[in-house]
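K.L.:
Keeping their order, the protein sequence lines are chains C and A.
According to the working numbering, the first sequence holds residues 1 to 435 in order.
According to the working numbering, the second sequence holds residues 436 to 578 in order.
Hints were generated in silico from the structure; no laboratory data involved.
There may be inaccurate statements among the hints.
[As the list claims (entries may be wrong)] Distance condition first, Cα-Cα at most 25 angstroms in a straight line; then the derived DMTMM-like pairs of lysine to aspartate or glutamate:
#1 K505(A) to E446(A)
#2 K429(C) to D496(A)
#3 K280(C) to D396(C)
#4 K226(C) to E196(C)
#5 K409(C) to D476(A)
#6 K322(C) to E225(C)
#7 K322(C) to E224(C)
#8 K399(C) to E378(C)
#9 K392(C) to E553(A)
#10 K495(A) to E391(C)
#11 K448(A) to E224(C)
#12 K390(C) to D554(A)
#13 K334(C) to E560(A)
#14 K439(A) to E577(A)
#15 K350(C) to D457(A)
#16 K414(C) to E461(A)
#17 K409(C) to D554(A)
#18 K409(C) to E454(A)
#19 K409(C) to E577(A)
#20 K390(C) to E560(A)
#21 K557(A) to E473(A)
#22 K448(A) to D367(C)
#23 K390(C) to E473(A)
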Amino acid sequence: MEKYYQPEIECASREQIRAWQSERLKKQVQNVWDNVPMYRERMKESGVEPGDIQSVDDLHKLPFITKDDLRDNYPFGLMARPKSECVRIQSTSGTTGRRVVAFYTQHDLDLWEECCARALVAAGATKEDVCQVSYGYGLFTGGPGLNGGSHKVGCLTLPMSSGNTDRQIQFMTDLGTTIICCTPSYAAYLAESIIERGVRDQVHLKAGIFGAEAWTEEMRHDIEEKLGLKAYDIYGLTEISGPGVSFECSEQTGMHVNEDHFIPEVINPITGEVLPDGEKGELVFTSITKEAFPLMRYRTRDICILSREKCSCGRTHVKMTKPLGRSDDMLIVKGVNVFPSQIETVLMNKGYPANYQIIVDRVNNSDTIEVQVEMTAEMFSDSLSAVSSKEKELVDALKAMLGIYAKVKLVNPKAIQRSEGKAVRVIDKRNLYQQ
Amino acid sequence: MTVKQISVFLENKPGRLAEFTDVLSEHNIDMRALSLAEAADFGIVRIIVNDVYNASTVLKDAGYIFSITKVLAVEIPDEPGSLSRTVRILGDNGVNLEYMYAFTTRKKGLAYMILRVEDNQKAIEVLTASGIRPICQDELAEL
Ligand SMILES: [Zn+2]
């Protein structure tokens, strides 16, 4: 039996969800207009006033904001509440430049933890469970988010934080952990370590919530098999609140977005046009219930697809695919969106090294795409037909993935240009912006 | 009764074959035979050399992708019809011939062919039974 943390919200009718969204969006637009100078300026520049936003259908009239806007307004520029009303700061693990900091009122923390609680219950959590949170704690949102969600569900919560694998396994076996929350790579590492120590039979995990980084279906199956649990994906951004913006249900075919708090849109990253469900584009979020740090049409740079098809779990909130790439990397070839990550996936599935180069050109007014792949000893043989048929297999697999023909060119190892030790992935010879 | 053939991956770029043969000659590797097979955008060059170990070390250092395959080298009379007779013997006995090429020696009156077949053992049997003798690696060096 599927369980819900807030069934009246998670399984609400589409009309009800729309009504909540419209009402909350209107309030939020007024809030940022009144309290955040940047939003007021941007809206004025776009010729939009709060009165123009009457329902969720008017959302597209609002201007976008980007991560650069967050950096430019660091630290307090985008706050919509005075500091005295805020109770928490979290921050991104940004590697370069200024960090992004997000502020939370008590209300904001509650709604975030509620979202995480929904994810935990969708993974089967109840008050009988022991939930080990092995995400990092601190400025990173992973630990605090799932910790809060676990409390809300009533699980016995183990705030382990990341690292110290021996202690993780010790507690897991001694205290009977049934639910583990961590990054998928750490889950894979834990699985290996548990098997190595020969304590697999003392582990009683039933579910894992694994997010904060990209992982594949193969990895999911591997972790599920080794740890004997069901592995659930979770998505979130510190800017928007943290993990729990969307989460997987028992169907494991995408993550339900908590639409009563966050309105997702998918846009064409070049034109900004809103795309219909089922089309691939950049994910944009508007946080309609957050008080301290509301983001309006925030461009995540994650590429994904939204789907409103009925889900077997009974939840009615829209589902998003896991991020399929980054919008910064997207190429448009013959009118089709192509991501280097898709090509990389095909190469890896077919056993080629992930060392490749994509060359896009325009010949006789028609786009061409060539994928240069480094030959390996394993792929090579003395038979021309054997090598040719492997090459053809790769062409077919690329066509299936991209939807267009891409020429494959096999090249010598190390033939692919490198710049400062890193391979140059894409060479676009079309000069599209100089015509 | 087989000899070792080195097959090397070549990108389809002008000058690649010359570059390859230069590498070999710089290291004093003497080729007994060379054949080039080309697809639309890459090629495979197959060579027979006396010192396979030395040649493969040189190719490895030069960054080439290659494989080593056991093939048959047969001595056939340098006269009309003897090549087709050899091919027919293989065909009649159900031995699949993938490719073949000739190589020359200092011996007069005899021609040598490299045969790449699916089943070396069976090919050796049927050829020997018909009086055609595949030579081995050591003999190759003496030719
Ligand atoms: Zn579902």
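K.L.:
With a cut-off of 25 angstroms on the C-alpha distance, tell me whether K390(C) and E560(A) pass.
P.N.:
The given pair, whose Cα atoms are some 33 angstroms apart, is violated under the 25 angstroms limit.
K.L.:
Just to be careful, I want the Cα atoms of K322(C) and E225(C) compared with a cutoff of 25 angstroms; is the pair within it?
P.N.:
The hint holds at about 21 angstroms.
K.L.:
Taking only the CA atoms, is the gap from K409(C) to D554(A) under or equal to 25 angstroms?
P.N.:
Violated, at about 32 angstroms.
K.L.:
Take the C-alpha atoms of K334(C) and E560(A), compute the straight-line distance between them, and say whether it is at most 25 angstroms.
P.N.:
Roughly 57 angstroms separates the two Cα atoms, so the pair is violated.
K.L.:
Given the hint that K392(C) pairs with E553(A), test it: the Cα-Cα distance must not exceed 25 angstroms.
P.N.:
holds, 23 angstroms
K.L.:
Hinted pair, alpha-carbon criterion (25 angstroms max): K557(A), E473(A). Please report holds or violated.
P.N.:
Not OK: K557(A) and E473(A) at ~28 angstroms, beyond 25 angstroms, violated.
K.L.:
CA of K409(C) to CA of E454(A), is that 25 angstroms or under?
P.N.:
holds, 20 angstroms
K.L.:
Between K350(C) and D457(A), does the CA-CA distance stay at or below 25 angstroms?
P.N.:
Given that 25 angstroms is the threshold and the Cα spacing comes to 34 angstroms, the pair is violated.
K.L.:
Holds or violated: K505(A) with E446(A), Cα cutoff 25 angstroms?
P.N.:
Holds: K505(A) and E446(A) sit about 24 angstroms apart, inside 25 angstroms.
K.L.:
Quickly compare the C-alpha distance for K448(A) and E224(C) to 25 angstroms and report which way the hint goes.
P.N.:
Given pair K448(A), E224(C) is violated - Cα atoms ~47 angstroms apart, limit 25 angstroms.
K.L.:
Are the Cα atoms of K429(C) and D496(A) separated by 25 angstroms or less?
P.N.:
violated, 33 angstroms
K.L.:
Starting from K322(C), check that the Cα of E224(C) is at most 25 angstroms away, please.
P.N.:
It holds: about 18 angstroms lies between the C-alpha atoms, which stays within 25 angstroms.
Hints 2, 11, 13, 15, 17, 19, 20 and 21, counting from the list given before, are not met by this structure.
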